Amino acid sequence: MSSQRPSAWYAVPAFTFFALFAALPMLLVIYLSFTAWDGLGTPTLNGGENWSRLLDDTEARASVWRTLVLMVVSWLVQTPIALLIGVWAAGKQRSRAVLSSIFFLPLLLSTTAIALLWQALLDPNFGAFVGGPLFLGDPDVALYTVVLVISWQFIPFHTLLYQGAARAVPPSLYEAATLDGASRVSKFLHITLPQLRYTIVTSSVLMLVGSLTTFDTVLILTQGGPGTATRILPLHMYITGFSGFEMGYASAIAVVLVVLGTALSLAVMRWSGFRQMSSQQEGS
1 MSSQRPSAWY
11 AVPAFTFFAL
21 FAALPMLLVI
31 YLSFTAWDGL
41 GTPTLNGGEN
51 WSRLLDDTEA
61 RASVWRTLVL
71 MVVSWLVQTP
81 IALLIGVWAA
91 GKQRSRAVLS
101 SIFFLPLLLS
111 TTAIALLWQA
121 LLDPNFGAFV
131 GGPLFLGDPD
141 VALYTVVLVI
151 SWQFIPFHTL
161 LYQGAARAVP
171 PSLYEAATLD
181 GASRVSKFLH
191 ITLPQLRYTI
201 VTSSVLMLVG
211 SLTTFDTVLI
221 LTQGGPGTAT
231 RILPLHMYIT
241 GFSGFEMGYA
251 SAIAVVLVVL
261 GTALSLAVMR
271 WSGFRQMSSQ
281 QEGS
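The C-terminal position of the sequence shown is numbered 284 in my numbering, with every residue numbered one higher than the one before it.
Check each hint, because a few of them may be wrong.
The calculated label-pair distances, taken between Cβ atoms and stated as ranges, are [to be verified]: (1) 45 to 88: 50 to 60 Å; (2) 39 to 69: 41 to 51 Å; (3) 132 to 266: 38 to 48 Å.
If you're looking for bench data, these hints aren't it; they were derived computationally from the structure.
None of the values given here were measured: they were computed from a predicted structure.
Glycine is no exception: its CB is placed at the ideal position from the N, C-alpha and C atoms.
Based on the provided sequences and hints, a complete structural model is requested.
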């Protein structure tokens with residue numbers, strides 16, 4: 001019994017960090033969601049007024065829909081590209097270091113620098129597509145342009161995840177499949193994909209939650225425009241709180257974001273059998 005007691009102390013630093021920088025701020029945000037506060041004076045409790053307003057806020061509902069569209073389209077764009085490039089790069093033994101360096105380059109740039117770079121590139125007057133489509137000025141195209149920029153920024157990160165996971169697949173599996181006359185497509189579908197399932201789940205959770213909390217890229221590229229075409233929920237929260245000075249209502253939106261992110265992560269892991277995979281790996 002005494003030998004087990006010291007192990008509990010190892011969790012104290014992590015628990016303290018979580019309590020100070022995650023749990024306490026979250027409790028404060030929940031409290032503020034039941035107040036009327038402009039960010040300067042003293043918050044005053046207003047019951048559930050912010051929450052009833054949130055249910056009736058058509059712009060908030062529209063922002064949720066745009067956020068979901070951005071999440072789904074980002075996942076559909078990033079996942080297959082990152083997966084295929086990662087698997088392909090894993091088989092390039094001689095150029096592995098060079099490819100890894102290339103994939104890592106976009107990760108060295110800040111989100112602000114990337115957004116400003118793409119904003120200049122897509123400028124209708126001085127950019128690379130003068131006289132072409134208004135990528136950031138067309139309400140029907142702007143949100144998908146934001147998806148393009150986000151995908152360009154984060155595909156390399158997920159590519160590195162898949163590359164590392166693909167390199168860990170036992171070569172004996174491919175050798176046995178080759179002896180059985182399996183094609184490359186068959187090997188990919190029946191060996192590579194099942195072996196990368198854990199990584200796909202991890203990448204998907206990071207990707208979806210990251211898209212859910214995207215803020216700075218949209219703020220710099222479009223400021224939520226044209227009109228409200230790219231006003232996703234995190235940006236709606238920012239504008240409400242820091243431009244409209246309605247911190248209480250913005251806190252209610254923040255709670256919704258946290259709940260959506262948590263529910264989404266749990267749903268993806270449950271649907272994919274994440275716990276079962278973890279227990280199987282621990283047993284092996």
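Outcome of the hint check:
1. With their beta carbons about 57 Å apart, residue 45 and residue 88 fall inside the hinted range of 50 to 60 Å.
2. For the hinted restraint 41 to 51 Å between residue 39 and residue 69, the CB-CB distance of approximately 30 Å leaves it violated.
3. In this structure the hint that residue 132 and residue 266 lie 38 to 48 Å apart at CB holds, the actual value being about 43 Å.
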